[in-house]
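Q: Kindly produce the complete structure, drawing on both the sequences and the hints.
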Amino acid sequence: MSDNQSWNSSGSEEDLEPREELGHLAAIGEFSGVLSKWTNYIHGWQDRWVVLKNNTLSYYKSQDETEYGCRGSLCLSRAVITAHEFDECRLDISVNDSVWYMRAQDPEHRARWIESIELHRADSGYGSESSLRRHGSMLSLTSATSGYSATSTSSFKKGHSLREKLAEMETFRDILCRQVDTLQKYFDSCADAVSKDELERDKILDDEEDFPSTRADVEFYHHNNNSSREKLFQTLSPKEINGIDFKGEAITFKATTAGILATLSHCIDLMVKREENWQKRLDKEMEKRRRIEESYKSALNELKKKSHFGGPDFEEGPNSLINEEEFFDAVEAALDRQDKIEEQSEKTRTRDQRPSPVPIGNIYSSSGSHRFSEKVDEMVQNHMTFSLQDVGGDANWQLVVEEGEMKVYRREVEENGIVLDPLKATHSVKGVTGHEVCHYFWDTAYRNDWETTIENFNVVETLSDHAVIIYQTHKRVWPASQRDVLYLSAMRKIMANNENDPDTWLVCNFSVDHDDAQPTSRCVRAKINIAMICQTLVSPPEGNKEISRDNITCKITYVANVNPGGWAPASVLRAVAKREYPKFLKRFTSYVQEKTAGRPILF
Numbered sequence: 049m050s051d052n053q054s055w056n057s058s059g060s061e062e063d064l065e066p067r068e069e070l071g072h073l074a075a076i077g078e079f080s081g082v083l084s085k086w087t088n089y090i091h092g093w094q095d096r097w098v099v100l101k102n103n104t105l106s107y108y109k110s111q112d113e114t115e116y117g118c119r120g121s122l123c124l125s126r127a128v129i130t131a132h133e134f135d136e137c138r139l140d141i142s143v144n145d146s147v148w149y150m151r152a153q154d155p156e157h158r159a160r161w162i163e164s165i166e167l168h169r170a171d172s173g174y175g176s177e178s179s180l181r182r183h184g185s186m187l188s189l190t191s192a193t194s195g196y197s198a199t200s201t202s203s204f205k206k207g208h209s210l211r212e213k214l215a216e217m218e219t220f221r222d223i224l225c226r227q228v229d230t231l232q233k234y235f236d237s238c239a240d241a242v243s244k245d246e247l248e249r250d251k252i253l254d255d256e257e258d259f260p261s262t263r264a265d266v267e268f269y270h271h272n273n274n275s276s277r278e279k280l281f282q283t284l285s286p287k288e289i290n291g292i293d294f295k296g297e298a299i300t301f302k303a304t305t306a307g308i309l310a311t312l313s314h315c316i317d318l319m320v321k322r323e324e325n326w327q328k329r330l331d332k333e334m335e336k337r338r339r340i341e342e343s344y345k346s347a348l349n350e351l352k353k354k355s356h357f358g359g360p361d362f363e364e365g366p367n368s369l370i371n372e373e374e375f376f377d378a379v380e381a382a383l384d385r386q387d388k389i390e391e392q393s394e395k396t397r398t399r400d401q402r403p404s405p406v407p408i409g410n411i412y413s414s415s416g417s418h419r420f421s422e423k424v425d426e427m428v429q430n431h432m433t434f435s436l437q438d439v440g441g442d443a444n445w446q447l448v449v450e451e452g453e454m455k456v457y458r459r460e461v462e463e464n465g466i467v468l469d470p471l472k473a474t475h476s477v478k479g480v481t482g483h484e485v486c487h488y489f490w491d492t493a494y495r496n497d498w499e500t501t502i503e504n505f506n507v508v509e510t511l512s513d514h515a516v517i518i519y520q521t522h523k524r525v526w527p528a529s530q531r532d533v534l535y536l537s538a539m540r541k542i543m544a545n546n547e548n549d550p551d552t553w554l555v556c557n558f559s560v561d562h563d564d565a566q567p568t569s570r571c572v573r574a575k576i577n578i579a580m581i582c583q584t585l586v587s588p589p590e591g592n593k594e595i596s597r598d599n600i601t602c603k604i605t606y607v608a609n610v611n612p613g614g615w616a617p618a619s620v621l622r623a624v625a626k627r628e629y630p631k632f633l634k635r636f637t638s639y640v641q642e643k644t645a646g647r648p649i650l651f
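Residues in the sequence shown are numbered consecutively from 49, following the working numbering.
You may find that some hints are simply not true.
Stated by the list, open to error - Ranges between beta-carbon positions, derived for each pair:
| no. | residue 1 | residue 2 | range |
| --- | --- | --- | --- |
| 1 | Asn506 | Arg459 | 32 to 38 Å |
| 2 | Asn506 | His91 | 18 to 24 Å |
| 3 | Ser619 | Val128 | 44 to 50 Å |
| 4 | Asn496 | Glu166 | 47 to 53 Å |
| 5 | Pro155 | Lys336 | 38 to 44 Å |
| 6 | Lys626 | Asn548 | 52 to 58 Å |
| 7 | Ala347 | Asp95 | 32 to 38 Å |
Worth flagging that the hints you see were computed from the coordinates, not collected in a lab.
The beta-carbon is built from N, C-alpha and C at its ideal position, and this holds for glycine as well.
A: Right, dumping it as structure tokens:
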């Protein structure tokens, strides 16, 4: 078979491979299902209908909306699929700067998705074995040729001695070629002479068989025989073979080959030295390239970190990539933004000054009758016993904030790495009574007027006129996870033991469980035990004047025991508590003073 025929045959075989691959790819078909996709830090993970087809990954809001077009797609040819190191259900798909964070139902579904994606990528012609087999030989040949050319030309640009030796090699090659031609002619002539000699010898042997019987014939035979031998000897004479001096040519050939070997040895020595120099330069270049690649990877990681800052890897969690200092800065920046928004809303918001109905005080003297009555009585008794105690002694309360009449204390407590620092604040507010303060603190109708950290809340169950179960979610402060809390809120009036003691009003909020408000993956469920204890102090008016708001002062004791849950750093939680609790107390008391100004006093 000729070369052209071989080339055509191999070409036809190669043409068959793409058809086989296309058939195999068609056999794979479409792969689809539900995956959770990370949307943003506000909405978190959302279920999406994901379709894998024709080497493209597309997602839809739901399976019913596929006919309206996809919401996004990725070409998998250059995609990088990474299974998360810690989350067994998560896979990340990145193409350049675009990253999709996806979560499957379980590790088995994740493995099926990764396998299907890799199978589509392989059969699309990118990175497949057949693709490499088709293109590998030409790539290798091109690389080898270019590499050889570059090495040879660059290596011989310098070093005149090597270039001179190569020129000598060219000269020796020409001489050797001529000598080989001359010796070949000599050997051909020798072969022709031997052939003629054999023919003459055969003739002589034939003549000896016909030996003459007479004397005259014998003399004639010897004469002819001698003539033949002389001709034979003349044919075998070296001087008659084209005038070639075999001995001289042999000596010259030997000298030429010796010169070639010596020159080759010299060239090898020079190239070994050159190789050592080039090896040193190559090592330096490799080290330089290694440093550049490390710098590039580091810069790329920083760029990805900045471009995807806000993804699930940078939120609060056990494997968060954000360090404690960055976490604190992000939380503080978010709180500052919320403060500015609140200041603007305060300027534009007009308080509703319509009279607010306040229930009669005697209905708060008991806990009422419901399934949590005993628990409420227990909580009230504990707060009246321990929360009103002095902060001195062995309680280890530390003063953290002091602003005028307000003082905030804290005790550092941690359990299993979670900050559970109890907080206690004391404050004196003029012009309001304990009943009024507790009323506005407990009644959910006024909650949004003074509480700025709540996103939404609802009353899950009303237990009595002064006891409700409330579920509320707090605004998320990124990168911390969003918190929710389910608690029972009860308001009580504690009658004084004697006429010289002030009446005490109390609101206690403590966490409970309820079937209608189960924990969800969207929020971290916090646990609370909070009490607002208020006592009204009255200074007698001058003369026969009636008691006015100038004569009353409310002494407030606020205690909070909060288990935030989650994985927020302890230093961040303590800093946030130190910053936010005094602001909350001042904002709330100012609101109560504003609401009660100019209204009858409610004791």
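Q: Looking back at the numbered hints, which does the structure fail to meet, lowest number first?
A: Result: hints 3, 6 break, sorted rising.
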